[in-house]
Every structure is written in structure tokens, then in C-alpha cells.
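> Positions -29 to -1, 1 to 194 (mature numbering (1 follows the signal peptide of the UniProt record, and there is no 0)) are the ones given, in order, by the sequence shown.
Hints listed in this document are in silico derivations from the structure and should not be mistaken for laboratory results. Model, not experiment: these values are computed from the prediction. Even glycine gets a Cβ: it sits at the ideal position worked out from N, Cα and C. The hints are all genuine.
The calculated SDA-like cross-link candidates involving lysine to any residue, where the alpha carbons are at most 25 angstroms apart (straight line), are:
hint: 1; residue 1: LYS176; residue 2: PHE161
hint: 2; residue 1: LYS107; residue 2: GLU156
hint: 3; residue 1: LYS176; residue 2: THR13
hint: 4; residue 1: LYS113; residue 2: LEU35
Simulated restraints, written as ranges between beta carbons of each label pair:
hint: 5; residue 1: PRO7; residue 2: ASP39; range: 46 to 54 angstroms
hint: 6; residue 1: GLU67; residue 2: THR44; range: 34 to 42 angstroms
hint: 7; residue 1: ASN155; residue 2: ASP36; range: 13 to 21 angstroms
hint: 8; residue 1: GLN152; residue 2: GLU193; range: 48 to 56 angstroms
hint: 9; residue 1: ARG62; residue 2: ASP39; range: 31 to 39 angstroms
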Amino acid sequence: MQLTLNLSGSGMQLLLLVSSLLLWENASSKPTAMVPTEDLYTRLAELSHNTFILAADVYREFDLDFFDKTWITDRTLPLCHTASIHTPENREEVHETKTEDLLKAMINVSISWKEPLKHLVSALTALPGASESMGKKAADIKGRNLVILEGLQTIYNRTQANIEENENFDYPAWSGPEELQSPNEDTHLFAVYNLCRCIKRDIHKIDSYIKVLRCRVVFQNEC
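Let the hints inform the model, and build the full structure from the sequences given.
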């Protein structure tokens, strides 16, 4: 994971969060010093919530500054590239889903965003008329997604025995760079819009599922 050394504000907070997760994993080699899973859930719940706020901000700002009927007329909103990942769609389904399966679903979604978020950051940074804050927020989301992924994998590995790398995980490939790199402005803006829309949707899912699991594991569903 690469982080810029010139950090301030949210960037410094992200660096501290990454450092915290690395320290937790180093401590895990000593069972008596292992940070409880309950604490991981609590920290991930806060991180995912704040990441969703950032994603909603990016979507809202792009919608206000760039949405135009000229590039959405006669276009059908495509499914998000993570649509093939099975995720519960309502409260009842979420509560009926096993902890292991929710964790796997979140990990698959998070991994599926590693590459698209790199392209989203580049697209927003280079987009004429886009505010500097929009690109910075997207970069923050990219970094936070990696931290969330590491935390989820840590919890999942603690619930399983003798797991091999990538075992039981099946995340879809993203096929969107062509549209993002299109010389046609409408096609390009539509592609950026869809990434903003879908990351907001998926981070909201992850945030919701983490909160459910935190309630289940930390508070025995009494919350």
C-alpha cells in the first residue's frame, strides 16, 4: 500500500488507521496481546461510516457540477460491476445471513473496487472544472477501502482455520477503463458518474453490513 508522505487532515487520519491495523496484526502473533475482534468491528464501523460520507459527498458534488441531460438522454444506467456478487438486499436477508458469508461478500466487494478506484481518482483529478477536494476525497476513499479490506480479512481469517490465499473468494473483474478513456466527453462523464454512483452504493452496503455484524458479535444482537 503506497501513501504519500505529505499528509494533512484526513490523510494523516488515514495513515494512523493503517498503522493501527498493522500493529494489530503484528500483535496477533502473540495470543495474549491480540486485539479483540470486537474492537476491530468498532473501528471498522466508524471507518466505513466516514468513508460512506466521503463517497456520498463525491457523488453529490459530481452530480451538482457535471450532471447534464445531454449525456444521460437515451442511456440506460448500467449495473454496477459488483452486481454479480451475491449480497443480501433487505434487513431480513442480512440478519439471516451467516457472519462468514457477510464477511466474504464485503471482502469481494472491497477487492472489486481496488482497480476502479485508482481510475476514478485519476479521472476526477484530471477532469476540467472538477474541484480539488473531489479528487482528494476520491483518493481518501481509495485508501480507506484498502484499510477496510485489511480489517475485514483479519476478522475473516480469525473465524477460519487453515485458509489459503484467495480461497472462497470470487470477485468480478472491472471492464470500465475504455469508457473512462473515451475521447467522447459525454461517454467519459457518464462513466465517471457511474463510478461515483456505484462506489456510494457499495460503501453503503459495506457500512450497513459491518454495523449488523458489530451488533451481532459485540452486543449479541441487543442494539
